[in-house]
Amino acid sequence: MAVHQYVNSLQELEAAIEQFKNISMQVSSTPSRNENTEHLINDFPIFIIVSGTKDENGVSWCPDCEKADPVLEEAEQSLAPEPSAFITVYLTREEWKNPKNVFRTDGRFRLTSIPTMLKWPNREPKLVEAQCADIDAIKEFFDECCPQDQD
Amino acid sequence: MSVLKICTKSFAASLGRQSERSVKKIYRISSSFRTFSTEGKLEYDLVVIGGGSGGLACAKEAVAQGARVAVLDYVQPSPRSTKWGLGGTCVNVGCIPKKLMHHASLLGEAIEDARSFGWRIPGNAEIDWLAMRDAVQDHIKSVNWVTRVSLRDNKIEYVNGRGRLADANTVVATLHNMKEVLLKTKNVVVAVGARPKYSTAIGAQELGISSDDIFSLEKPPGKTLVVGGGYIGLECAGFLNGFGYPSTVMLRSVPLRGFDQQMASMVVNEMEGRGVNFICKCVPESLSKTPDRRILVKWNTTPGANGGSGQGEDVFDTVLFAVGRKAVTDSLALEKAGVETHKETGKIFTTNEQTNVPNIFAVGDVLHRKPELTPVAVQAGRLLARRMFGNDKTLMDYDNVATTVFTPLEYGFVGLSEEESEKRHGPENLEVYHAFYKPTEFPIPQKDMSNCYIKVICLRREPRTVLGMHFVGPNAGEVIQGFSAAMKCRITMEQLLDTIGIHPTVAEEFTRLTITKRSGMDPNPQACCS
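These protein sequence lines map, in sequence, to chains U and C. Residues in the first sequence are numbered from 3 upward in steps of one, following our numbering. Residues in the second sequence are numbered from 233 upward in steps of one, following our numbering.
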């Protein structure tokens, strides 16, 4: 499960990241019937999804984003590392089509398409376009970003 | 089941309207997101152990031929705990980061050269090691991901686990959580490659690093000792020196052993001219920590060697061991199937990539006495898959494989060294054409051209087949690639000299050769265009 913020600009994104960095998440798990452990986690993955804005009917101008929406939501519920945080950045068509858009040019993102999901602060790997609507690809992406510790 | 609660009050207050809902809710999560099936045994036509250049090429071709394939990949952390993702040595700790760092290093030189061409460049260019490293690592991560997606798109099962044989038709994969998966398979391809060796000097493993670590090093390497004069050692010392880190190379015997020694000496001369310090015919004896957290290295003359730099000691920030690579076959339990390997190197004996066990094959660096190069592993893997599952009977040709050493001034070659040519044919049956040359762009920035040299070895009798082509100079890889196609066509000296060059390039020098070693004439250039 995860917590989700929704923003509309780089500035808001940076603020949201700052906020996530300043909170802890309390996770309880019940590995067996009689046990119940709780721990506070300060360091959890922050995933950023860059997507297209929705109109008054809740439909995005970006068809791939439309397709990805329900799948990403499902993935957040059932596949995302526990705990983790998500921030969706909504860009208008004009903003995204502009070759100078900050999410294209800024070295922290260097996006070439939307929707894109990445794990802050890593520019790579990126889950892009049709991959965002593919539940198996999303599962692999989480596994690639947050590998289980070996040995 | 897990329950997630957000416990910071201020967080809830500061979030936007939409998020408030998610904060207040308590979510129930269904069980584990890792759904890899560990139940039962899975049947495959082919299981490939090793997700590097050879393994992946073989797997993809096998699938294209209709086989059901699984690929196992696993990275044993280095002694410094360095790990990496899917793709093998080339992508993660070999060719790719090496070429990128070599390029980054040359760019620093280009910035300086630019001034003499009229560019006004304020200040001095300095490398930011972490920024360079991050750029390189980002690229590697994108390749890791693309590789992973590609496996999925090709419907190849990817198992991130350590593989070993239970018998000739069963591979056991041990996953990160120590769970074991049994894969039943008709065929096995071992493509596990190799890992760096360390010297036996005291403190080597504890204080030294290897090529496994240099490309993701968390802090600037500083003053570095590279132990080893093979291409890995020379390439690393080369780019580190180019970045401005004082670099020393310690050679046990000769540089680039097994390569054409005249060309190797050109490469070393160039590196010395650029400030790399060479300690010759020595081996390290001990490494120890100094009070200010640096490394004191003590060395002595290589046992049995004459001359050389002699005993000595010095303090370094980093010691990089590039003393050879060992095949990763120890933990494969190859004996469970009876696969024969070389006692010392661990490499696998094969004929046309088949081991002594008919359904077990091997490709890549793990092969005994085959070139350790990505394109070789890729081609061998591909052809093997076609022979296994398709109708193609083409065998891998390991001869005349072009290669390049990416030292500051690069060395590219295809075919035989002068030493090997003499051994096979006798010096009286050879003609060696050679020349020093002046790249057009070098004089203006006053770059040293004294090591810009080419050599072509051919048979003396008709047809004068070219046996080897050697080039030290800029962009050697690009220069030599086309000539390897010519070698495959058994190009003769007449055909080579009949070829008209592109002007002005450095590659055209191969078409302008006139002077032979036998003539004793001066191989230095007289004038351009004459």
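Quick caveat, the hints were computed from the structure, so don't treat them as lab data. Don't take each hint at face value.
Mimicking BS3-like on lysine-lysine, the simulated pairs with C-alpha atoms at most 30 Å apart in a straight line are [stated by the list, open to error]:
no.: 1; chain 1: C; residue 1: Lys373; chain 2: U; residue 2: Lys141
no.: 2; chain 1: U; residue 1: Lys69; chain 2: C; residue 2: Lys387
no.: 3; chain 1: U; residue 1: Lys141; chain 2: C; residue 2: Lys575
no.: 4; chain 1: C; residue 1: Lys411; chain 2: U; residue 2: Lys141
no.: 5; chain 1: U; residue 1: Lys23; chain 2: C; residue 2: Lys451
Between U:Lys23 and C:Lys451, is the straight-line Cα distance small enough, at 30 Å or below? Measuring from Cα to Cα gives roughly 25 Å; hence the hint holds.
Does C:Lys575 lie within 30 Å of U:Lys141 when you go C-alpha to C-alpha? Answer violated: U:Lys141 to C:Lys575 is near 42 Å, above 30 Å.
Is U:Lys69 close enough to C:Lys387, meaning Cα to Cα at most 30 Å? holds (23 Å)
For a C-alpha distance cap of 30 Å, please report whether C:Lys411 and U:Lys141 respect it. holds (19 Å)
Holds or violated: are the alpha carbons of C:Lys373 and U:Lys141 at most 30 Å from each other? holds (17 Å)
Hint 3 from the list above is the single one not met by this structure.
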